[in-house]
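2 protein chains.
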Amino acid sequence: MSGRSVGVVTPQVMKFDAPLELTSGASIASYELAVETYGRLNAERSNAVLICHALNASHHVAGTYADDPGKVGWWDNMVGPGKPVDTERFFVVGVNNLGSCFGSTGPMSIDPARGTPYGARFPVVTVEDWVRVQARLADALGIEQWAAVMGGSLGGMQALSWAIQFPQRLRHCVAIASAPRLSAQNIAFNEVARTAIRSDPDFHGGDYYAHGVVPKRGLRVARMIGHITYLSGADMAEKFGRAMRTDDYQFHYDVEFEVESYLRYQGDKFSEYFDANTYLLITRALDYFDPSRTTSGNLVQALAPATAKFLLASFSTDWRFPPERSREIVEALIESGRDVAYAEIDAPHGHDAFLLEDPRYHKVVRAYFDNIATECVR
Amino acid sequence: MSGRSVGVVTPQVMKFDAPLELTSGASIASYELAVETYGRLNAERSNAVLICHALNASHHVAGTYADDPGKVGWWDNMVGPGKPVDTERFFVVGVNNLGSCFGSTGPMSIDPARGTPYGARFPVVTVEDWVRVQARLADALGIEQWAAVMGGSLGGMQALSWAIQFPQRLRHCVAIASAPRLSAQNIAFNEVARTAIRSDPDFHGGDYYAHGVVPKRGLRVARMIGHITYLSGADMAEKFGRAMRTDDYQFHYDVEFEVESYLRYQGDKFSEYFDANTYLLITRALDYFDPSRTTSGNLVQALAPATAKFLLASFSTDWRFPPERSREIVEALIESGRDVAYAEIDAPHGHDAFLLEDPRYHKVVRAYFDNIATECVR
Chain A
1 MSGRSVGVVT PQVMKFDAPL ELTSGASIAS YELAVETYGR LNAERSNAVL
51 ICHALNASHH VAGTYADDPG KVGWWDNMVG PGKPVDTERF FVVGVNNLGS
101 CFGSTGPMSI DPARGTPYGA RFPVVTVEDW VRVQARLADA LGIEQWAAVM
151 GGSLGGMQAL SWAIQFPQRL RHCVAIASAP RLSAQNIAFN EVARTAIRSD
201 PDFHGGDYYA HGVVPKRGLR VARMIGHITY LSGADMAEKF GRAMRTDDYQ
251 FHYDVEFEVE SYLRYQGDKF SEYFDANTYL LITRALDYFD PSRTTSGNLV
301 QALAPATAKF LLASFSTDWR FPPERSREIV EALIESGRDV AYAEIDAPHG
351 HDAFLLEDPR YHKVVRAYFD NIATECVR
Chain B
1 MSGRSVGVVT PQVMKFDAPL ELTSGASIAS YELAVETYGR LNAERSNAVL
51 ICHALNASHH VAGTYADDPG KVGWWDNMVG PGKPVDTERF FVVGVNNLGS
101 CFGSTGPMSI DPARGTPYGA RFPVVTVEDW VRVQARLADA LGIEQWAAVM
151 GGSLGGMQAL SWAIQFPQRL RHCVAIASAP RLSAQNIAFN EVARTAIRSD
201 PDFHGGDYYA HGVVPKRGLR VARMIGHITY LSGADMAEKF GRAMRTDDYQ
251 FHYDVEFEVE SYLRYQGDKF SEYFDANTYL LITRALDYFD PSRTTSGNLV
301 QALAPATAKF LLASFSTDWR FPPERSREIV EALIESGRDV AYAEIDAPHG
351 HDAFLLEDPR YHKVVRAYFD NIATECVR
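So the protein lines, in turn, are chains A and B. Per the numbering used here, residue 1 is the first one in the first sequence, and the count goes up by one each step. Per the numbering used here, residue 1 is the first one in the second sequence, and the count goes up by one each step.
Isolated chain A (complex conformation) (with noise of 0.2 Å):
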C-alpha cells in the first residue's frame, strides 16, 4: 500500500439550527452532523474535497481513533498522506449523513419536540436531501466550491446529485461504481431487506427504541442478503467454493459451509451496531434516487444543469451496479458536451471492489487527482 496513514483522528459534531425542508415535504427543525476531516484547507479555499458515504459507512473515511486503534476509516486505502486522494495536498471532509447512526442526526436520535427517539418519525429523506445539508456543511467550513466531490455506490449518487443541484460548487464529481438509479432488481433486493426489517416482531413499528429491544433477526437477514449482492459469484466460489466445516455432512441446519458461516458472522456482526430505521431509510433513498425522473426520463437531460468535470470508474464483476450503468451516466454526459473520464476496471470482487486497494483503479484515482491538484495550486 503506497502512502501513509492520516494517524489518530477526531470527529467533531457540529450544529444547525436553521430549519430544513426536506424533499418529501416534511421538515427537521435542528439536525447536527458528525464530521471528519484531514489535511489543511489552503488559503485559497481550493483545496477541499467532500466523501460522501455508502449504506453503512459514515464520516470516518480514513484513519484512527486515539481510543479504538482498530477502527479503521472505510476509505483508509484511498484517502491519506500519498494517497491516491493526497491530505498533504486536499483537505479531504467525511460526513456521516442526516438519518445514518454513526453520530449525526436520525432515527435514534432524540427528537427535541418530544423528549423521546425519533424512531418511526423520523422523516424519510433523500439523496437531494443529503446532498443540500452537505452544502450547508460546505457553508459553515467555509467551502464555496469543492475541487472535488467523490464517493462509491450511493455516495457517487450523492456526488452526481452535487453536480446538478449546485453546479457552480465543485469542480470535479467523482463516482466509483454507481449508477443513474437504481433497477427493478436492485429496489427487489432493498425491499426484502427491508421486509425482514419490518416483519421482525421487535420492530415494534420503528418504535422500538421504547421497547428497549432491537430487531437484530430482521437486521441480519438483510445484511445477509446484502453481502451476497456485495460479491461477485467468482468472488464467493474462490473465498468459499463449497468448503466444509467438517469433512462430512451433519445433516442439520447449523452451518455446513464455510459461506453460510461468514454469512451469519456478518449478519450477527452488523445488527449489534447497525441501526435499524437507518437500513429502512438509506435503502428508501437509494430507491428514490433518480435524477432522471423530472425530465422525462432523459438522463443528458438530467445532467443538462452539470459544469464539473467527472471521473467515472465501475468493476467488471460488480453485478449490483455493473459496468453498463456506469455507461448511462458517461454516455450521457457525452452527449451533454461534459468533460468525463471513464475507467471500467477488470476486477474480481463484485462491488466491493470499489472500497478494495486495486492497483488499476487507485492509479486512476491517483491520475486524476494529481491533475486536480495541479488546477488548485495555479
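Derived from the structure by calculation, the hints contain no laboratory data. Please note that the accuracy of each hint is not assured.
Treat identical chains as interchangeable: a pair holds within one or across any two.
Stated by the list, open to error - Capping the alpha-carbon separation at 25 Å, the derived lysine to any residue pairs in SDA-like fashion look like this: (1) 239 with 124; (2) 239 with 297; (3) 269 with 202; (4) 239 with 194.
Chain B: place on chain A using the hints.
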C-alpha cells in the same frame, strides 16, 4: 399452445411399509407418496416417463382437479396429449418427494411413533434418497426401466442422480436448467432464506405445529429472495422497471414500486400454503447435492456409471443455474463417452424459463421425445 390438456386428473396416495435407510444414517419406518399418472403404460412397460419436481412443485404435473379447476399442473405446457411429452404415447408419472408438503410424508405428517407431527424430527433427506424412493415407486408401478427421467432445476439433479444410481433403470436422462452442484452463491441464497425462517419467532425450532402457528414472516422473506433469483434482471426491468403505484413518491415504506407489490404478493401467497420445514429440507437437499463429492470433485468419474442418453438444456438469462453449469455436465458426459444432446436457449425469463412455453425450447424437447417414442414401439 400446441397439444391439449390431460384434463381432470386424480392424485393417488401410495403407502410404502418397508423401512427406508436415508443417506444421513437415519431411517423412516413407512411413508406415503402422492402420485399422479397420465397416459397409459404400454404392454411392454417401455413408455414410462418420470417427472421430478423442484423446490415448490409437486406430483401435480399436468391437468386440473375436478374440485379445483384453477389448479393447473406446474408443467402442464410440457405434458399432455400432443404436447412435447405426449401423454398419448407416454405414461407419465409425477410424484411428490418425501419431505415435501403436498401429500407425501413430510415434517407436517404425523409421526406414528409419537402421534404428533414430525416437525423438527423429520430427517434430512438428499436427492439420492428421493431417487431411491422413486425407484421403489417404480417397483410398485411395475416399471423396470423408465423411457426417461426428466426434471428442471432440482428436478434435473434428480434425473442426473437416477442416471448415476440406477443406470439400468432409465434409457434417457433429461435435465433442464440444472447444475452439477450448487455454487457458494447458490448456497448463500438458501442460507439467507433458511435464516429468515429459522429466526422467525413462530418457527419454534421447527415444532410450530404444536403451537398452532406458522412462521409466515420467514417464509415470506424466503420466497421473496427466491423470486429475485428465479427472474433475470432484464426480465424484472421489462416487467416492472421503476413503475410506481402512484404518480408521485409517497415517502414511506409501504409499496411505492410495482416490483415491491409483486414480491409482497408472491411472499404472502407462498406463506399461506408452503410448509417451512419443507423449505429447509428441500434447500438443504439442494446444498448437499454433489455427485462428484465421492470422486474428489471429478465430475467425469462421478458420471462414469451412467449409461443413459442425455438431453440437457439451459437458458441464457438464467443466473441461478446459468448455461455454464449445464455445460459442465455436458462436457463431463462427453468426456465419459456418453450420448448427449444439449440446447442453450436464448430466453429472457431467467431460471423460470424452464417452466415457461418457449417455442425453441419446446421444439427441442418435443424432437427428443419423438425419438424416444420411436424406440418404445420398436
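Comparing the hints with the structure gives:
no.	hint	verdict
1	239 with 124	neither (37 Å within a copy, 27 Å between copies)
2	239 with 297	between (39 Å within a copy, 17 Å between copies)
3	269 with 202	both (18 Å within a copy, 24 Å between copies)
4	239 with 194	between (28 Å within a copy, 22 Å between copies)
Checked against the numbered hints above, the structure breaks only hint 1 and satisfies the rest.
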